[in-house]
Amino acid sequence: MTKLNILVCVKHVPDATADRRFEEDNTVDRVGVDGLLSELDEYAVEQALQLKEKADAPDDVTVIALTVGPDKAVDAVRKALQMGADQGVHVTDDAIAGSDYLGTSLVLAKAVEKVGESLGDGRVDLVMCGMASTDAAGSVVPAMLAERLDLPQVTLASVIETQGDQVRIKRDGDTATEVIGATMPLVMSVTDQSGEARYPSFKGIMAAKKKPLETYSLADLGLGADDVGLSVAYSEVTETTERPPRTAGEIVKDEDGSGATALTEFLASKKFI
Amino acid sequence: MSEVLVLVDHVDGAVSKPTLELLTLAKKLGEPSAVYIGPADKAGDAAERVKAFGAEKVYVVDDAATKGYLVAPKVETLQQIAEQAGGADSLGGVLVVSNFEGKEIAARLAVRLGSGLITDAVDVADDGTTTQSVFAGNYTVAAKVTHGTPIITVKPNSANPTEGAGAGTVEQFTPTISERAKAAQIVASQPRKSTGRPELTEAAIVVAGGRGTGGDFAPVEGFADALGAAVGASRAAVDSGWVPHSYQIGQTGKTVSPQLYVANGISGAIQHRAGMQTSKTIVAVNKDEEAPIFELVDFGVVGDLSTVLPAATEQVAQRKG
Ligand SMILES: Cc1cc2nc3c(=O)[nH]c(=O)nc-3n(C[C@H](O)[C@H](O)[C@H](O)COP(=O)(O)OP(=O)(O)OC[C@H]3O[C@@H](n4cnc5c(N)ncnc54)[C@H](O)[C@@H]3O)c2cc1C
Ligand SMILES: Nc1ncnc2c1ncn2[C@@H]1O[C@H](COP(=O)(O)O)[C@@H](O)[C@H]1O
Chain S
15 MTKLNILVCV KHVPDATADR RFEEDNTVDR VGVDGLLSEL DEYAVEQALQ LKEKADAPDD
75 VTVIALTVGP DKAVDAVRKA LQMGADQGVH VTDDAIAGSD YLGTSLVLAK AVEKVGESLG
135 DGRVDLVMCG MASTDAAGSV VPAMLAERLD LPQVTLASVI ETQGDQVRIK RDGDTATEVI
195 GATMPLVMSV TDQSGEARYP SFKGIMAAKK KPLETYSLAD LGLGADDVGL SVAYSEVTET
255 TERPPRTAGE IVKDEDGSGA TALTEFLASK KFI
Chain G
15 MSEVLVLVDH VDGAVSKPTL ELLTLAKKLG EPSAVYIGPA DKAGDAAERV KAFGAEKVYV
75 VDDAATKGYL VAPKVETLQQ IAEQAGGADS LGGVLVVSNF EGKEIAARLA VRLGSGLITD
135 AVDVADDGTT TQSVFAGNYT VAAKVTHGTP IITVKPNSAN PTEGAGAGTV EQFTPTISER
195 AKAAQIVASQ PRKSTGRPEL TEAAIVVAGG RGTGGDFAPV EGFADALGAA VGASRAAVDS
255 GWVPHSYQIG QTGKTVSPQL YVANGISGAI QHRAGMQTSK TIVAVNKDEE APIFELVDFG
315 VVGDLSTVLP AATEQVAQRK G
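Protein sequence lines correspond, in order, to chains S and G.
Per my numbering, numbering of the first sequence is gapless, rising by one per residue and ending at 287.
Per my numbering, numbering of the second sequence is gapless, rising by one per residue and ending at 335.
Source of the hints: derived by calculation from the structure; they are not laboratory data.
Quick reminder that beta carbons are idealized off the backbone N, C-alpha and C, glycines included.
Incorrect hints may have been included.
What the hints assert, rightly or not - No farther apart than 30 Å at their CA atoms in a straight line, the calculated lysine-lysine pairs in the BS3-like style are these:
{"id": "1", "chain 1": "G", "residue 1": "K294", "chain 2": "S", "residue 2": "K284"}
{"id": "2", "chain 1": "S", "residue 1": "K17", "chain 2": "G", "residue 2": "K42"}
{"id": "3", "chain 1": "G", "residue 1": "K158", "chain 2": "G", "residue 2": "K294"}
{"id": "4", "chain 1": "S", "residue 1": "K284", "chain 2": "G", "residue 2": "K334"}
To be verified - Computed, partial: chain S to chain G, Cβ under 8 Å:
{"id": "5", "residue": "A30"}
{"id": "6", "residue": "V47"}
{"id": "7", "residue": "G152"}
{"id": "8", "residue": "A157"}
{"id": "9", "residue": "R162"}
{"id": "10", "residue": "Q167"}
{"id": "11", "residue": "R182"}
{"id": "12", "residue": "G187"}
{"id": "13", "residue": "A190"}
{"id": "14", "residue": "T205"}
{"id": "15", "residue": "Y213"}
{"id": "16", "residue": "P214"}
{"id": "17", "residue": "S245"}
{"id": "18", "residue": "G271"}
{"id": "19", "residue": "I287"}
Bound conformation, chain S alone (with noise of 0.2 Å):
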């Protein structure tokens, strides 16, 4: 294989350590919460890094970062910039605020297809996930993106092998550790399994500043206003509540072995033993 093209999509998602919350339309608040590149995502964007650090030759690898969401999304993709990533997209409309899984699936599907196109020699070759964003914790993107694509779907990898486009992965399944292999174009995701995912160096963020970063609408992805969003999602959020505060426990200290016997008196008093 010649050329490798490589699509990492990268999700921009409300700080887990700032006080998460939803707007009065029951959509998650994306904008008066601080955001960053979700933590998970930067696996993936390391590990095809990494895919591109080992091929024979470096630059006939391409990693781009793609990502769907409001106008400050774009800094999950600065920061896969900043990482060593070549290209950016970004998919921005007001239509799409509040799409669902299968909006949000169709919109980076349609996205996935239109930068093949732009790519010259015509496909991306491997697009790769997070295993779950850190705010919908669905893991279900990468699937739904294989089925829309109609790519083999390898998901939950720890360990990456590839060998011209054979791809063998590693993973920890629900019940068994399995070895999945697939040919390219394919969607992979990627675990926190995979290995520690790499700091952006100061080079790297003054490089970042110079690479081409595109901007995309629903139309320029020939989509409309009625294909994606929150008036034609197909699941509605119709309550969120926060949890009161949990009430607080009772503690004690240990001491001379007191802590054993009133940790026992607990569970025997709630009928756990």
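Using the hints provided, position chain G with the ligands relative to the given structure of chain S.
Leaving out everything else, chain G with the ligands in the frame of chain S:
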């Protein structure tokens, strides 16, 4: 009443407890039809089991030719059964267990059936409204599918399985599996060794250990066994190589919501909480009284787990006689 498809989760024909929970929830939405995809010679036992918990119909699909491939053959099978049953609009819903495979199957089926998807529900009401716990348990969300048939993945321990036999009419179903569906091949598979303890996601009690064990899990395991519990761990314990990854609880591990969760030598990082915060009763043993895990607990012991746990294990054993 309309058919509600329940995908049977099983290991070699042994039906999992979460499947029985799904059947119980499915009865609220319509008539449960269990879909068993597995070895043909184990289908009889599986069919009996799902019948006892309310399956009116059992679709039996022999997976001999397709079990070596990831997810897609099961998606095509469910799609074809859904179409035979009259299509998305005449189904009462599709319920799948919320594990990684279940979620991926549900996701792809939602695209194929043009139907809404809800993941990780912890309850389903009669009108199909689901309850989810999001943002590491800080919010509860009610949601509803508005297009097609509701495709819902449900977390283990979300319902009490209630017995009550259905008709259990068995129907052999032979799907047409496309070549495309065989594109991701399982080249090798090593089933996880059984620990002899309850399955982590299904257990009523989970006892977990973290970095504070210092690598010695014996006190944690001893206490777990005294309580008949499953053993879990924080990522720090997994990353240190003390226990296998399948023990990990949290954002990138398993999600558990047992009746009782006991965290030992675990600080309570947000990623860990994401996997255990919906537990009904939470207990912690930690030597640092400032550890954030104490914010969550119903009962906490500030102390050294290497002395507290063995002593408690002994007392539990005595009480049990
Ligand atoms: C992308 C990402 C995903 C992650 N996913 C997960 C996940 O799925 N699950 C998960 O758990 N973590 C996850 N983490 C890691 C998480 O952030 C924490 O680092 C981890 O949970 C800490 O584990 P710990 O509580 O065991 O260790 P520590 O935070 O080091 O806490 C150890 C605790 O043990 C106590 N202690 C020490 N000695 C004793 C003793 N003798 N007796 C009693 N107490 C003692 C200490 O006081 C301390 O509170 C993830 C992190 C990232 C970045
Ligand atoms: N809006 C988005 N933009 C880019 N990538 C996304 C988006 N939503 C989901 N993804 C990708 O899909 C993965 C799984 O997301 P989820 O199914 O929401 O848990 C993420 O780790 C991302 O790689």
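Tell me if the straight-line CA distance from K158/G to K294/G falls inside 30 Å. The given pair, whose Cα atoms are some 25 Å apart, holds under the 30 Å limit.
Mind checking the alpha carbons of K17/S and K42/G for me, to see if they're no more than 30 Å apart? Not satisfied, since the Cα-Cα distance of roughly 54 Å exceeds 30 Å.
If you take the shortest Cβ to Cβ gap from G187/S to chain G, is it below 8 Å? holds, 7 Å
Mind checking the alpha carbons of K294/G and K284/S for me, to see if they're no more than 30 Å apart? Given pair K294/G, K284/S holds - Cα atoms ~11 Å apart, limit 30 Å.
Was the hint right that R182/S lines chain G, CB cutoff 8 Å? holds, 7 Å
Under 8 Å is the threshold here; is the Cβ of G152/S close enough to any Cβ of chain G for the hint to stand? Holds: closest Cβ of chain G sits about 5 Å from G152/S, inside 8 Å.
Return the status of the interface hint for Q167/S: holds when the least beta-carbon distance to chain G is below 8 Å, violated otherwise. Nearest chain G Cβ about 6 Å off; hint holds.
At a threshold of 8 Å, is the proposed contact between A190/S and chain G supported by beta-carbon distances? Because about 5 Å separates A190/S from the closest Cβ in chain G, which is inside the 8 Å limit, the hint holds.
Would the hint on T205/S be counted as holding, given a Cβ-Cβ threshold of 8 Å to chain G? Hint holds; T205/S Cβ to chain G Cβ min 6 Å, cut 8 Å.
Chain G contact restraint on S245/S - CB to CB distance below 8 Å: violated, 10 Å
Mind checking the alpha carbons of K284/S and K334/G for me, to see if they're no more than 30 Å apart? Judged against 30 Å, a Cα distance of about 14 Å means the pair holds.
Residue hint I287/S, partner chain G, criterion CB-CB below 8 Å: holds, 5 Å
Hints 2, 6, 15, 16, 17, counting from the list given before, are not met by this structure.
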